[in-house]
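Engineer: If you want the building blocks of each chain, they are given just below.
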Amino acid sequence: MRKIYTLAFILISLNSFSQTAKKPVAKKTATPVSATTLSINRGKLVYQKFCISCHQADGGGVPNLNPPLIGTSGVLGNKNRLVKIVKNGLQEHVEIDGEFYSNNMPPFKMLTDQQVADVLTYIRRSFGNKATPVLRSEVAQYYVKGKTPQKR
Amino acid sequence: MHKIKTILKAGACILFWSSLNLNAVGQSQNPGLKLPPGFSAKTILDSSGKARHLVVLPGGLIYVKMARPWKGNGIMILKENEAGTASVTGGFGNYGGTGIYVKNGYLYASSNEAVFRYKLNEKNEVLNPDQPERIITGLKMGRQHETKSIVLDNDNNIYVNIGSPSNSCQLQDRQPGSMGVPGCPLLDSAGGIWQFRADKADQSYAQGVRYATGLRNVVGLDWNQQNNTLFVTQHGRDQLNDLFPALFTAKQNAELPAECMYMIKKGDNAGFPFAYYDHLQQKYMQAPEYGGDGKKEAEKKYSAPVVAFPGHMAPNGLLFYTGTQFPEKYRNGAFVAFHGSWNRTPEKQEGYYVVFVPFADGKPSGNWEIFADGFSGVAAVMSPRQAKHRPCGLAQGPDGAIYVTDDVKGTIYKIEYKK
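These protein sequence lines are chains H and X, in that order.
Read in order, the letters of the first sequence correspond to residues 1 to 152 in our numbering.
Read in order, the letters of the second sequence correspond to residues 153 to 571 in our numbering.
No lab work stands behind these hints: they were computed from the structure.
Don't be surprised by glycine CBs; every beta carbon is placed ideally from N, CA and C.
Among the clues, some could well be false.
To be verified - Partial chain X-side listing against chain H, Cβ under 10 Å, derived:
1. Gln296
2. Glu298
3. Asn393
4. Asp394
5. Asn405
6. Trp494
7. Thr497
8. Pro498
9. Met534
10. Ser535
11. Gln538
12. Ala539
With the rest of the complex left out, here is chain X:
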């Protein structure tokens, strides 16, 4: 009897050990992403906090902006080793946020109401992590669309998204049937992209320029180096059917409005909240809060999107690929990380993947396609909580690999190409 017990115990130990072993291998080498032929993916970090945008610098240093401080740090420092895994080597900044960018020897990072910068040394290390220069302050922050994504141009300007604190500028936010506030005065301080100088302390609205308006909430943005222009991806408005059930079906709500990518020039207006872009009809429609009925076209004064994706997929990361590791087709094209929808019930949710849009001379040159899929870990996401990972930030490494963050578990993926 005793012998049998011992054998059973030993068996259980072996089973337990082998399951641990399998798990360890499974996590780091095959994150289960579906990619085009020749590409491979691995996770360089399995878990952390809510990882948002990131930058990957020469020397293996990676800075990740966390939505909320993780282990006390709003910016996580990762060091990637030769073997291709990364370890957390530290962190700094006691504020949560989304935006992070590196330009001309400075690391720029945003909280949900301010932007800071940190001087980097020649090894790309932050010199004074506790003494950043606050370059922008006092930005509007609601309880939705409060994140401030950032990017710099080549003329020492920084662009900051200030999202609309409401869904569609209704008198009562998200109230069925509530009409729009006349003129939507919140556009004076939100619902657009603001431009500031990258090197001046404590700027706010008075020192900045409303560079583009009518953008409900931009999370992904990048500077296109080929045509020296800002590109952004907007999160379109929610709940056409919930709020105006007589005018829109649930099926229409699942598709509309389009999630748009815009090429932004100074003074552009993308229509929010007065109009929304319908990618099926390829035109701007008047929003129901402002007299629209799903059929009435909007005034023809809004900037046309350069790409219109299906509704609600939440484009959280935009990256123009300037590397040479990936095949010719990918050079100068755009990668877009879709965080994934919630506003498509009762249909299945969409997004939760990274897409690729081919570009030539700063313009899309073909249809978008899914580049990396499988982050959610389930065949179909019906409810967003089912997704095990949700893509958020994108960055290109010095060798031309791309990195994707996940803000559910804080996994960091690296995608590479080998001939």
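So here's chain H without its partners, still in its complex pose:
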């Protein structure tokens, strides 16, 4: 709850800041920065740190090795599967548009749910992609669901 307040505060202050900055120049109303935009911006930093070397700056991947993230059904489609790929990695031969990709992707278990949501939102909204954002709550939900229950 406190985080929401903080976020709201940031949004309001960003908003008022941009308004004051723009006041003397134009009469346009400044658009508030949406939660999705903030998530995309944070996600870009995660992408640059952990994903860019294999999936490349343009999301094009590497032919025969690392799958492209541009317009593929895997990226635009099922969020559950995407969350699991980031958390568990991918150790299989993947076919996309008649091409095969076979490099190992390690599990990124060190990422927080928020980071996973952000990086997935970034890739679903970059490289020409226009899919819905992934929320932190969805990551938690999907990942728990996707896990095989452990017996104690």
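Based on these hints, arrange chain X on the given structure of chain H.
Structural biologist: Just chain X now, with coordinates in the frame of chain H:
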């Protein structure tokens, strides 16, 4: 009004026709390669499948190994005509792969787990394309570095690369911070060059010899006829910075480790995965997976490379030039086809060209230089998918011209020299 429409239509037709015409000329005569003075290049085949290694034989026959069967054939047969273009005349073999070689009346070709041979007739045609002799089988094949490049010596032995199924033998492949598997037991069956007899059926590890180890993945290899020795080009390990960000910067990762050419003698060890070669310091460094920190030198027991190129450029083809068409400087020297890097982000990618290394008496006699550039079709490749073509295989024709394959569009280039 009707007249105007007709004129417009005619104009459009002419424009369309002329653009088609331009295209046809542009494709076959000038593939846009930059070459030293006196050399020219043309494409003898504009497109096919993922063309890997190839052999060019007297009589104009060319056999190309395809990474995956193209139109149902893992080996494409090309016939080059007098005018210098080639047409696909057939194909055989239902398996994809990379290696292909001709020696003593046999065509040898590899899948990613076996090697086959086919008897050739006096015209170099394959006699029984559907009944090859399987000489090697059961080789390790991972989901990376699975291709099996091959070459023969002059004593009826065949050398086969068996690449490491992992990047650097980490406990968890490509996981940031994951350490190396102690002793890296995968070296028992991969990460090296194996020697087999060229004429025995169904050999596997038990019948072969691990000829050299510590080679992560060799794609280019050739037999040097001047000193009767095997030479290989290795793909060095990836992701020093991704996996150990506290020890290596992205800039260091772009350059390191070197892509090395080795002269291989029986029993050699090139250090993988315990050590990597740093061409800037000219020494082997301990790999971070095995206690290295980017500064710690490795034990001095690994074979020194004969040439160390910058990192990640992916040397996919090696050819010692034994022809006489090219000028004196090129005779007995090495051509290396670099497939091009992916692991240099955020820097621009490197490679995507063919280099030349001058040799004398089986040793490099000068610095390497770029011989043929421009395959990618773009000024700078930032991401590998931008490259329109990527050089892969090299072969010398009977007249001394050299041929280069491309495994993006399957273009086959021919490079010639005229005084």
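Engineer: Hints first: check each against the structure and report whether it holds.
Structural biologist: To see whether the hints hold, each was checked on the structure:
no., hint, verdict
1, Gln296, "holds (6 Å)"
2, Glu298, "holds (8 Å)"
3, Asn393, "holds (8 Å)"
4, Asp394, "holds (5 Å)"
5, Asn405, "holds (8 Å)"
6, Trp494, "holds (4 Å)"
7, Thr497, "holds (5 Å)"
8, Pro498, "holds (7 Å)"
9, Met534, "holds (6 Å)"
10, Ser535, "holds (4 Å)"
11, Gln538, "holds (7 Å)"
12, Ala539, "holds (9 Å)"
Comparing the model with each earlier hint shows no violations; every hint is respected.
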